[in-house]
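S.K.: Between the sequences and the hints, there should be enough to build the whole structure, so can you do that?
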Amino acid sequence: IEQQTPSVAPIVETISSVGFVAFTDKDLDNLQIGGTIYWGPPPEITYNQDYVVYYAQSATGDARLVAGVVPLGTNSLTIPLDTYHNQFTHFVVYTRSVAYEQTTPVGVEIYDHDGLVTNLYFSDTDLDLNMIGGVLQWTLPSDTSGVLQYNVYLTFTSNPWDPYFRRDALELALSPTLTQATVPVGTSKLSGDGIEEVTCSFTAADTIVSVFYNGNDISYSVNGTFSEWSSTKTLAFQKVPGAYLVITASSLL
Numbered sequence: 242i243e244q245q246t247p248s249v250a251p252i253v254e255t256i257s258s259v260g261f262v263a264f265t266d267k268d269l270d271n272l273q274i275g276g277t278i279y280w281g282p283p284p285e286i287t288y289n290q291d292y293v294v295y296y297a298q299s300a301t302g303d304a305r306l307v308a309g310v311v312p313l314g315t316n317s318l319t320i321p322l323d324t325y326h327n328q329f330t331h332f333v334v335y336t337r338s339v340a341y342e343q344t345t346p347v348g349v350e351i352y353d354h355d356g357l358v359t360n361l362y363f364s365d366t367d368l369d370l371n372m373i374g375g376v377l378q379w380t381l382p383s384d385t386s387g388v389l390q391y392n393v394y395l396t397f398t399s400n401p402w403d404p405y406f407r408r409d410a411l412e413l414a415l416s417p418t419l420t421q422a423t424v425p426v427g428t429s430k431l432s433g434d435g436i437e438e439v440t441c442s443f444t445a446a447d448t449i450v451s452v453f454y455n456g457n458d459i460s461y462s463v464n465g466t467f468s469e470w471s472s473t474k475t476l477a478f479q480k481v482p483g484a485y486l487v488i489t490a491s492s493l494l
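Residue numbers for the sequence shown follow my numbering, beginning at 242 and rising by one.
A hint or two may mislead.
Stated by the list, open to error - Across the chosen pairs, the derived CB separations fall in these ranges:
(1) N457 - T396: 16 to 26 Å
(2) T265 - E438: 43 to 53 Å
(3) D270 - E438: 32 to 42 Å
(4) S429 - N316: 13 to 23 Å
(5) Y485 - T265: 48 to 58 Å
(6) W470 - S429: 29 to 39 Å
(7) G314 - Q421: 47 to 57 Å
(8) E243 - S338: 44 to 54 Å
To be clear, the hints were calculated from the coordinates, so they are not data collected in a lab.
Keep in mind the model is a prediction, meaning the values are calculated, not measured.
Cβ atoms here follow ideal geometry from the backbone N, Cα and C, with glycine treated the same way.
M.R.: Rendered as structure tokens:
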């Protein structure tokens, strides 16, 4: 015969889930993210050991990949800048005890801030060699809420991974609402790091016909009498890496 009056213990279900998850992307490159994931601690943490944060393809944790494990008492995880989020659309946070990981997470959708401007256009109005000036124009992205400022640089290649890549600042701390910047007339298009003033003296018998540098006729900038071989000529110019100075003289003129 089975006992008619049993002993009774109430079932107290332990529910431990984070209150919310938030993430703001601070990386303004397309397809890349970076910033800090925050979450609200659960009201019940008696049996909690840590939190497991995943990249996922849904708010319920489909096709997830571990982003980090965070100890109890810490409610954030930093995602490094320049991180590719690939096919993932959400961050999800699971609570975990010594024995089990929570079945149903709390998640937030990944919003990739893209601060890239488009349709850059510049028309040079400075007619001097190696000098530029004019108005640089561009189109703003649809969302500039994550943009603090825009900086304009003069570069010598469009590929920042080029080993010879370098840049000189033209305009810094421009408002994210601006769509143009003025490049002052007389701005050198040569790198500030690479500009080297070269002065040379020369003579030739009998008459100087022309002086070219980097493929440009700079005869007008030579000081001295072209028709007198005894007259020392002097010339100053900005050095261009790999360029040649070509002096042509003739004894028949």
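S.K.: If I claimed the Cβ atoms of D270 and E438 lie 32 to 42 Å apart, would that claim hold in this structure?
M.R.: 38 Å, holds
S.K.: Can you tell me whether the CB distance of G314 to Q421 sits inside 47 to 57 Å?
M.R.: At roughly 50 Å between Cβ atoms, Q421 and G314 fall inside 47 to 57 Å, so the hint holds.
S.K.: Take a look at whether the Cβ-Cβ distance between E243 and S338 falls inside 44 to 54 Å.
M.R.: With a Cβ separation near 35 Å, E243 and S338 fall outside 44 to 54 Å, so the hint is violated.
S.K.: If you check the beta carbons of W470 and S429, does the distance land in 29 to 39 Å?
M.R.: The hint (29 to 39 Å, Cβ to Cβ) holds, given that W470 and S429 are roughly 34 Å apart.
S.K.: Regarding N457 and T396, is the given constraint of 16 to 26 Å on their beta-carbon distance met?
M.R.: Holds, at about 22 Å.
S.K.: For the pair S429 and N316, does the Cβ-Cβ distance stay inside 13 to 23 Å?
M.R.: 52 Å, violated
S.K.: For Y485 and T265, compare the CB-CB distance with the range 48 to 58 Å and indicate the outcome.
M.R.: The hinted range 48 to 58 Å holds for Y485 and T265, with Cβ atoms some 54 Å apart.
S.K.: May I ask you to test the hint 43 to 53 Å on the CB atoms belonging to T265 and E438?
M.R.: The hint (43 to 53 Å, Cβ to Cβ) holds, given that T265 and E438 are roughly 48 Å apart.
Hints 4 and 8, counting from the list given before, are not met by this structure.
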